[in-house]
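> Build the full structure now, drawing on both the sequences and the hints.
Next come the chains, spelled out residue by residue.
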Amino acid sequence: MTAEQTNYRWQCRRGMLELDLLLNNFVDKKASALSMEQAAVFEMLLSYPDQTLFDLLLGNSVSSDRRASALIEQIRSTPFD
Amino acid sequence: MSATPEQNPAEASIERRQFDTLIIGAGGGGLRAALKLAEADLSVAVVSKVFPTRSHTVAAQGGMNAALANVLPDNWHWHMFDTVKGSDYLGDQDAIEYMCRSAPKAVYELEHFGVPFSRLDNGKIYQRAFGGQSQDFGGDQAARTCAAADRTGHAILHSLYQQNIRAKTHFFDEYFAVDLLKGQDGHVLGAVVFDIHDGQIMVIEAKTTLLATGGAGQLFKTTTNALINTGDGMGMAMRAGIPLQDMEFFQFHPTGIAGRGMLITEGVRGEGGYLVNGQGERLMERYAPKAKDLASRDVVSRAIAIEIREGRGCGPNKDHVLLKLDHLGEEVIQKRLPGIRQTCITFLGIDPAEAPIPVFPTAHYTMGGIPTNRFGQVVVPVKDTPEEPVAGLYAAGECACVSVHGGNRLGGNSLLDILVFGRAAANHIIEYLQENKYHRALDEEQMKLVVEKAQQYNNTAGGSSSEKIETVAGLRKELKQVMEEHCGVFRNKEILEQGVVRVEQLVLRMKNVKIDDSSFTFNTAKVEAFELENLMAVAVATIHSAAAREESRGAHSRIDFPDRDDKAWMRHSLYSFDNGLDYKPVRTKPMSVASFPPKPRVY
Chain A
1 MTAEQTNYRW
11 QCRRGMLELD
21 LLLNNFVDKK
31 ASALSMEQAA
41 VFEMLLSYPD
51 QTLFDLLLGN
61 SVSSDRRASA
71 LIEQIRSTPF
81 D
Chain B
1 MSATPEQNPA
11 EASIERRQFD
21 TLIIGAGGGG
31 LRAALKLAEA
41 DLSVAVVSKV
51 FPTRSHTVAA
61 QGGMNAALAN
71 VLPDNWHWHM
81 FDTVKGSDYL
91 GDQDAIEYMC
101 RSAPKAVYEL
111 EHFGVPFSRL
121 DNGKIYQRAF
131 GGQSQDFGGD
141 QAARTCAAAD
151 RTGHAILHSL
161 YQQNIRAKTH
171 FFDEYFAVDL
181 LKGQDGHVLG
191 AVVFDIHDGQ
201 IMVIEAKTTL
211 LATGGAGQLF
221 KTTTNALINT
231 GDGMGMAMRA
241 GIPLQDMEFF
251 QFHPTGIAGR
261 GMLITEGVRG
271 EGGYLVNGQG
281 ERLMERYAPK
291 AKDLASRDVV
301 SRAIAIEIRE
311 GRGCGPNKDH
321 VLLKLDHLGE
331 EVIQKRLPGI
341 RQTCITFLGI
351 DPAEAPIPVF
361 PTAHYTMGGI
371 PTNRFGQVVV
381 PVKDTPEEPV
391 AGLYAAGECA
401 CVSVHGGNRL
411 GGNSLLDILV
421 FGRAAANHII
431 EYLQENKYHR
441 ALDEEQMKLV
451 VEKAQQYNNT
461 AGGSSSEKIE
471 TVAGLRKELK
481 QVMEEHCGVF
491 RNKEILEQGV
501 VRVEQLVLRM
511 KNVKIDDSSF
521 TFNTAKVEAF
531 ELENLMAVAV
541 ATIHSAAARE
551 ESRGAHSRID
561 FPDRDDKAWM
571 RHSLYSFDNG
581 LDYKPVRTKP
591 MSVASFPPKP
601 RVY
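As you go down the protein sequences, you meet chains A and B in turn. Position 6 of the first sequence, counted from 1, bears residue number 6 in the working numbering, the numbering being contiguous throughout. Position 303 of the second sequence, counted from 1, bears residue number 303 in the working numbering, the numbering being contiguous throughout.
Some hints could be false.
[Unchecked claim] Calculated pairs, SDA-like style, for lysine to any residue (alpha carbon to alpha carbon, straight line, at most 25 angstroms): (1) K480/B x G59/A; (2) K480/B x A70/A; (3) K29/A x I345/B; (4) K335/B x G59/A.
[Unchecked claim] If we take Cβ atoms under 7 angstroms as the criterion, some of the chain B residues that face chain A in the derived model are: (5) V50; (6) R54; (7) A59; (8) R151; (9) H154; (10) A226; (11) L227; (12) I228; (13) G261; (14) M262; (15) T265; (16) Q342; (17) T524; (18) V593.
None of these hints come from the bench; they were simulated from the model. Note that beta-carbon positions come from the ideal geometry of N, C-alpha and C, so glycine has one too.
Rendered as structure tokens:
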């Protein structure tokens, strides 16, 4: 696991199973390939409250930040095994 | 033993801090207690392995029961009856009375802390109807559940966290508690913890310690619980020689997404969705010809498990059944079940308007836990006394077993439990500290052992052991599989006894665990190893308790003993490492009203 992945790993431990699964799956498969800018956006998303993140990742609400909504789409569309 | 032990260089750098109270866990129970204590001007440390507002309380959507009578007539005594009946008469009636009487006050307190409860037009708090609630001792449906829209847990957790910041509670965020510390006289005096960021170990000395670490849903492969729910406080209690109570009672929800765990609400079947087996049959017609898919949770869960066990499952591995709702049409699904649709699309790539949802019973709530009385004091049997308090140690919330849920928890009673008993524990701690003003001396030898334990995974990479090396992920996966197969909703003697053997084997293999990350920075592999130790302890208690209980009561349902047996089994199970299984009577005498004697539980 890369340093970035270990750093993210604990921030992806959340209060809701749905977030655990989506975020960890994304970190496993995509996090090492994030650009510096995308990594900054990902860290911003991880700082959101669980309920906000849940609504964004489950499509109940849409972020007005285009970079954030692009990354959210990437997280949502990362296939599970 | 020397009173001033020599310190080796590794220990010399270990920081020691002192507090009046150490609280382990920052969900609703821990934070409610912390707030009460901080407001009483006590020094309070809250240790949480994740940032407090990422605790699992955030996932509680339903609401919180309190007999406010804002919508329909209600009173606490009816709430008490429903809770005793729901518990299948295994709940302790003194604790249940206390909880139901305290409920309205708990709601008003939350309101003052800033929780935005949903309102009626007249300005009063809105209350919704939930399963298992009645008026007048089993009469018409009651409306008892207060909610802040569909995010009650989130609102409660955030309000309590903000209030604690205001009250200057000391938070140790992203610290992991390894084990409890004791004095020579058996008092519990804090814990050894480490900072997940840099691995730095710290000794927290406390006059009182409250375990509020939540449930253990991660025991099972299919669960609604977040990854953090690994029964840490229960594992710590077990290693401190304390038994776990009623662990065979685990609530399963019949329809979780197969292989993922998240809940598909009963509302889907309420709207006309139905379950189908691998042969395309409506399977519930066989098990509940009248109620069919709307039969009670345990009936539906067991039906699904039996179909799969008898080879009528769906998919290449025949390991799930299908929940069909495409016949309702896209418009109805989008209008009435938008959240479910979104969840299925996100996690399965399946649109339920077009294809059925693969489902399997999912582990939801741990009714059992660390035995406490209604003051939150941890209690253990000592000689002829079944409930002797352990000095200095408290537990509250899902990790505790008061027991208000008994054999089965009612919807809306879990948030109530954590708030009422978090507060009750704090009240007792305040009293206790008036009598116990000074820090007691730690048992330094015991502390050394715990510090060593905290370091045990620091240097295990590439060990030269000739024994087979086990990985945390591998053992955890096996444990969850074994628990699902042998201690899930389908239980009989043979399956449970095989499960006991398999769990014991896994525990033995735990000592060969090696982790391949020996760094000190964000070493999550080390945390996961400690979490697995806790899960193993909880699994041992759970499977032994389940194998021994030869009756069906509440969520513990035995194919070979289908009836409740009050004569032999109206008693609490206790399982400890030292003494194995033991039992104690149910507290059937309430505080002020007459007992509710056991009756058949019919809804």
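> Could you run down the list of hints and mark each one as holding or not?
Cross-check of the supplied hints:
In summary, the hint linking K480/B to G59/A is not supported, as the alpha carbons are separated by about 30 angstroms, beyond the 25 angstroms threshold. Note on K480/B and A70/A: the hinted pairing is violated, with a Cα-Cα distance of about 35 angstroms set against a maximum of 25 angstroms. Pair hint K29/A plus I345/B holds up; C-alpha atoms about 19 angstroms apart against a cutoff of 25 angstroms. Among the hinted pairs, K335/B with G59/A is consistent with the structure: their alpha-carbon atoms are about 15 angstroms apart, no more than 25 angstroms.
Interface hint at V50/B: satisfied, since its Cβ lies 5 angstroms from the closest Cβ of chain A, which is below the 7 angstroms cut-off. Evaluation of the R54/B hint against chain A yields a held restraint, the C-beta minimum of about 5 angstroms falling below 7 angstroms. Hint on A59/B holds. Least Cβ distance to chain A is approximately 5 angstroms, under the 7 angstroms limit. Taking 7 angstroms as the C-beta contact cut-off toward chain A, the hint placing R151/B at the interface holds, the least distance being around 5 angstroms.
The closest approach between the C-beta of H154/B and any C-beta of chain A is roughly 4 angstroms, which is under the 7 angstroms cut-off, so the hint is satisfied. Interface hint at A226/B: satisfied, since its Cβ lies 5 angstroms from the closest Cβ of chain A, which is below the 7 angstroms cut-off. For L227/B, the suggested interface contact is upheld, since its CB lies about 5 angstroms from the closest CB of chain A, less than 7 angstroms. The interface hint given for I228/B holds, since its Cβ lies 6 angstroms from the closest Cβ of chain A, which is under the 7 angstroms cut-off.
The interface hint given for G261/B is met, as the beta carbon of that residue sits about 6 angstroms from the closest beta carbon of chain A, less than 7 angstroms. For the restraint placing M262/B at the interface with chain A, the shortest Cβ-Cβ distance is roughly 6 angstroms, inside the 7 angstroms limit, so the hint holds. The criterion of a C-beta within 7 angstroms of any C-beta in chain A is not met by T265/B, whose closest approach is roughly 14 angstroms, and the hint is violated. Annotation: interface hint on Q342/B holds; nearest CB of chain A at approximately 5 angstroms, less than 7 angstroms.
For T524/B, the interface hint holds, since its Cβ comes within 7 angstroms of a Cβ in chain A; the closest pair sits about 5 angstroms apart. Interface hint at V593/B: violated, since its Cβ lies 37 angstroms from the closest Cβ of chain A, which is beyond the 7 angstroms cut-off.
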